[in-house]
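K.L.:
Chains A and B supply the protein sequences, listed in that same order. Numbering-wise (numbering that gives the first Met the number 0), the first sequence opens with residue 0 and increments by one. Numbering-wise (numbering that gives the first Met the number 0), the second sequence opens with residue 0 and increments by one.
Mixed in with the good hints, there may be bad ones.
Each pair may be met inside one copy or between any two copies, as identical chains are not told apart.
[Claimed, not checked] Dumping the calculated DSSO-like pairs for lysine-lysine here, alpha-carbon to alpha-carbon at most 30 Å: (1) Lys114 to Lys346; (2) Lys277 to Lys327; (3) Lys277 to Lys343; (4) Lys204 to Lys145; (5) Lys145 to Lys343.
I should point out that these hints are in silico values taken from the structure, not numbers from a laboratory.
Protein chains: 2
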Amino acid sequence: MSYVKFTWLFKHIFSVVSGNIFTPEGVTDVVNIAILGFGTVGSGVAEVMAENAQSIAHNAAEEIGVRYIVDIRDFPDSPFADKLIRDFDIVENDPEVRIVVETIGGVGKAYEFTKRALLAGKSVVTSNKELVAAHGHELLEIARRKNVNYLFEASVGGGIPIIRPITQCLTANEIDEIYGILNGTTNYILTRMITDGAPFEEILKDAQRLGYAEADPTADVEGYDAARKICILADLCFGRSVDPEKISVEGISGVTLEDVEYARRLGYKLKLLGRAYKLADGRITAYVAPHLISKTSLLSNVDGVMNGIVVHGNALGECMFYGAGAGKRPTASAVVADVIDAVKHLKARKYLGWEESEPGYLVDANDVPMRWYLRTGSGLEAIGRAFGDVRLISYPGDYPGAGPEEYAFATPSLTGRELEEKCAGMDIRSRFRIL
Amino acid sequence: MSYVKFTWLFKHIFSVVSGNIFTPEGVTDVVNIAILGFGTVGSGVAEVMAENAQSIAHNAAEEIGVRYIVDIRDFPDSPFADKLIRDFDIVENDPEVRIVVETIGGVGKAYEFTKRALLAGKSVVTSNKELVAAHGHELLEIARRKNVNYLFEASVGGGIPIIRPITQCLTANEIDEIYGILNGTTNYILTRMITDGAPFEEILKDAQRLGYAEADPTADVEGYDAARKICILADLCFGRSVDPEKISVEGISGVTLEDVEYARRLGYKLKLLGRAYKLADGRITAYVAPHLISKTSLLSNVDGVMNGIVVHGNALGECMFYGAGAGKRPTASAVVADVIDAVKHLKARKYLGWEESEPGYLVDANDVPMRWYLRTGSGLEAIGRAFGDVRLISYPGDYPGAGPEEYAFATPSLTGRELEEKCAGMDIRSRFRIL
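Bound conformation, chain A alone:
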């Protein structure tokens, strides 16, 4: 075998198995990326890449260049106008584009382009929680087969480092629980309900005016956004796919100022949590719902648009990650960190992935016992018949906003279904979990 042939074979195998070490022939020294979608996150990525170019190149140990930005819209005044193209085919067919940043969102074009990019042997980095939650298992599997990476740090907690800490820093632990404030819009609304004493609808309007809530706030307010995120976290922590369509999801539109006040009297605050944990038999439950959480907990002090995520491992105990859960630059910060990691691992696989779900793995949150806060228009006789001698936290007429005949109290530990049976025939006005 001639030296030249040997060298060629060696480099060729090398570039397939661990292309992060040698640059394959024909590829320039700059690692080229393409950004799909020039919306809030996509333009943030372009900006941060330009602004911190020097330190990014230092951290990646390579220069990184944005070769294309794909969007169907025109941005003639953008400083990146010369990079803008409309046709994804160009990206797909350009072998010099090694990494694709998908910030389109949703599960339409984003899904299609992600698959095509991975199949073309490009790593993909995304902030698209909907896509990761719905098709993460499949896309990671394609990435594995093609020996490239599919990275999504920005899909949960915006700029907060959480995916990588779970998959790289807590690897010595069996993780038994993860929960947190995963949606900034709802946390902003609940925080202002608590501090300002103004009702949900009023603060929602404020949040829309300030850009913290979208014109159609359903995905945030009704908990669907948080559901996608807790499913991604459950996938990673517990190793099997959890479908956001199959978990119990409750938003915050039913939270009233009476609830805020009664929670306060108990020493609690109302927060929307996504939560997933292992049951004693190894199965898991996951759900999104408003919770009363103790004011002595650090999480209860995560206010406004900020997010906080608590992880519990059997060696570490509890730790918490806190930061901006959304926003242009924080999200771009996480996306670009993934780009840097993808550059360092060109053609070398990061250890990321989970199994498909299996029947019986996910337990409905309504079948798991927990304590409940109840607010009811039914009288003491009905309460006593259903729950025995509970400790009341409010009495008729002692809060100006409440109806003339209204009680609030906390129940002992019960499943959601047991609670429903006990409450049959009662006038239940609010019903929230207590953490």
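Keeping the supplied structure of chain A fixed, place chain B upon it in accordance with the hints.
P.N.:
The following block gives chain B in isolation, referenced to the frame of chain A:
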């Protein structure tokens, strides 16, 4: 060239350049490690490795075995007694030991053995903040030359993931500031002074009884432990070595109950912080000192033995990492995560390191302006002469514990040296920074 020779050459080169992919000949399938020091952390590492063996092997994609535990003491009743040896030479000369866990502590034997292990081509994982702070630059340089890894996630924040988030998740950011509660012992003492209203000495004794403080508490109480940690964080965030011997360090033994009360009146809490940040001219400052921090900040709610670390990046904004900053199992959690990472990167380098310091890089914290809290036995005339019309937060006789003639107030922004000049001749009883 014969096939056999080619295969040998190929595997040989491969095992040198990227030994994480193929197992070199002569090495069993189990990756063997040795633990140096069977104290609290070392025994915790052995326990967590045994307890979570299955998930650890899954996460590392390799089986990991503890081959030796080196300690000069005997542990006949330990379940790991059969692994215990006294002689480090055996570890050094055993090519099958690929990773050495150093949990001896200090800069004596730990320094010597770490160097020898790295020079023998073994990766080293440690929880030894003193060694990393004092000799990290040199040891990382040896690791780089030998193409192995020196990892120290456990050296700061115990089990809290912080080193890896900084070096891998915040890589898109220019980090401009890092600070936090880095020592659990002092945070426990300050927290109990605030909640119980008992003086420093009394709570220190309690902490010693409960195992939260050592018999000789100097390193914790006087801030030296926190100093090592903030220097390691500054090394990583700003890229140049900061010597803990050269930064300003003040502990908590001067904090009185009067200070706690006056801080409360201002809406602040007293916390011992390690802090490092970039100045406008690119130089940095680093120091350890008690601070008054606002009760509205999340960090002020990090209580008891817990630690919290705040990082500020130009893209991400602020994020915080919270968890147990010490303790057998939390620290072991971080050490074992590094072992898993070292297994995944056998002979492939992690990107970790910093430059040597250079003259003028570190600015003395006393030359940087900040606001101060002062408690003084001097009267209004002296205060007015030195500081003008400051807002007083206490008056003579209005707090039972205080002297008959005592004032407390906050100053405008001043350097420590300017403060000292202004206070010349005054009876200053306490003097703390305000964050």
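K.L.:
Next, verify each hint and record whether it holds.
P.N.:
Cross-check of the supplied hints:
1. Lys114 to Lys346: Classified as within; 17 Å inside a copy, 33 Å across copies.
2. Lys277 to Lys327: between (34 Å within a copy, 24 Å between copies)
3. Lys277 to Lys343: between (34 Å within a copy, 27 Å between copies)
4. Lys204 to Lys145: neither (47 Å within a copy, 61 Å between copies)
5. Lys145 to Lys343: both (17 Å within a copy, 20 Å between copies)
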